[in-house]
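Can you make the complete structure from the sequences, with help from the hints?
Here is how the chains run, residue by residue.
Number of protein chains: 2
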Amino acid sequence: MAEQKATNVHWHEGEVNREDRAHLLGQKGATIWFTGLSGSGKSTVAVALEQALLREGKLAYRLDGDNVRMGLNKNLGFSAEDRTENIRRIGEASKLFADAGILCLNSFISPYIADRDIVRHLHDEGNLAFIEVFVDVSLDEAEKRDPKGLYKKARAGEIKNFTGIDDPYEAPVNPEIHLHTDNMTLDEEVDIIMAALRQRGLLSA
Amino acid sequence: MAEQKATNVHWHEGEVNREDRAHLLGQKGATIWFTGLSGSGKSTVAVALEQALLREGKLAYRLDGDNVRMGLNKNLGFSAEDRTENIRRIGEASKLFADAGILCLNSFISPYIADRDIVRHLHDEGNLAFIEVFVDVSLDEAEKRDPKGLYKKARAGEIKNFTGIDDPYEAPVNPEIHLHTDNMTLDEEVDIIMAALRQRGLLSA
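These protein sequence lines are chains A and B, in that order. Under the working numbering, residues 1 to 205 are what the first sequence spells out, in order. Under the working numbering, residues 1 to 205 are what the second sequence spells out, in order.
No lab work stands behind these hints, which were simulated from the structure alone. It is possible that some hints are incorrect.
Just so you know, same-sequence chains aren't split out, so a pair can sit in one copy or run between any two.
[To be verified] In silico SDA-like pairs for lysine to any residue, Cα to Cα no more than 20 Å straight-line:
no., residue 1, residue 2
1, Lys-74, Asp-124
2, Lys-74, His-123
3, Lys-74, Asp-117
4, Lys-153, Phe-78
5, Lys-74, Arg-120
6, Lys-58, Glu-19
7, Lys-74, Leu-122
As structure tokens, then:
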């Protein structure tokens, strides 16, 4: 037993840390948080960014409604309390990903400033970068696109508490990145984000 | 708008997938789940494994009480219901890590077969490897080690529902890896796990 214990101590001294993972990956973990109205193009730009990162050999992972609402948050509904808990859990999971060295791309409407600020604060506490990307679109334009037909249903009263129609969207006051999507191409949007990540030193160890 | 939409479709066609991430990292994501009594050495072997993986250029990340109970699961207590939800959320988070391409190392007592089987099932559904590692130690030996003085407190009645004392530990029936820690060195334990990961093809793309 004495020998085993000594060995344990030795191992513990050299625990793998965040810096080790950064050097292995050639990048620093961070959370990139896309917020905006339904139809603003949050997921589209997140997908395009993930591809641009892969082309540079960078590891990203997207959290979105598909892989979160069916899994980690499947026991949450759409009450105010559950919506807040939904964003909180996503924020905590994203913080773990960022600590692991990954660029975690989150696209959620996340309409409330208070909820997004909770996630920002979690990252500040952990000394991890939190990049809020405001995917800004006019309600008119979002409703014109209506890719999932949700605005039409909301206007018809078939969906209640729909953000932008009968529930508020609180725009970020001072986001790290503000994309005016009415006047930008997708390539331009991706370039702006890539430049911001590079400038913050996140694309190197 | 027409041009923008066409671009979006193009991007979506090439979404980054699990295989892309595996090729980038030179490994396949998986969950390695360490279960065993308090004092069995779960965390010690997980830490040592993480180091061994790093030496081979492989990315791992450990989930444990420290980074989960203070964050993702901080609103959970120790009722039977909360313990099950604790393991479920860890399992879902780990599944996301595995999907992201990471070897996720989880060390939790996780005393109930049903809870561990839920996590296994989640991974099966997602076509992701789940490697259950039974860190087997006799209660006598664990109580002799008592690194945190918890058994002493449990025997004195200061801690209730302590696994192995007044709460059951349900040993895995057919774990992927069974470590008989009473008769093994830490290096041997790590070697066994590394061999198992290699054999399953998890350490290459």
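Evaluation of the provided hints:
1. In this assembly of identical chains, Lys-74 and Asp-124 lie within 20 Å of each other by CA distance solely across copies; the values are 18 Å between and 27 Å within a copy.
2. For a Cα distance limit of 20 Å, the shortest separation of Lys-74 from His-123 across copies, 16 Å, qualifies, whereas the shortest one inside one copy, 24 Å, does not.
3. In this homomeric assembly, Lys-74 and Asp-117 come within 20 Å of each other (Cα to Cα) only across copies, at 18 Å, whereas the closest approach inside a single copy is 23 Å.
4. For the identical chains of this complex, Lys-153 and Phe-78 are intra-copy neighbours only, at 17 Å inside a copy versus 43 Å across copies, given an alpha-carbon limit of 20 Å.
5. In this homomeric assembly, Lys-74 and Arg-120 come within 20 Å of each other (Cα to Cα) only across copies, at 17 Å, whereas the closest approach inside a single copy is 23 Å.
6. Proximity of Lys-58 to Glu-19 under the C-alpha cut-off of 20 Å is found in both arrangements, the shortest distances being 16 Å within a copy and 14 Å between copies.
7. In this assembly of identical chains, Lys-74 and Leu-122 lie within 20 Å of each other by CA distance solely across copies; the values are 13 Å between and 22 Å within a copy.
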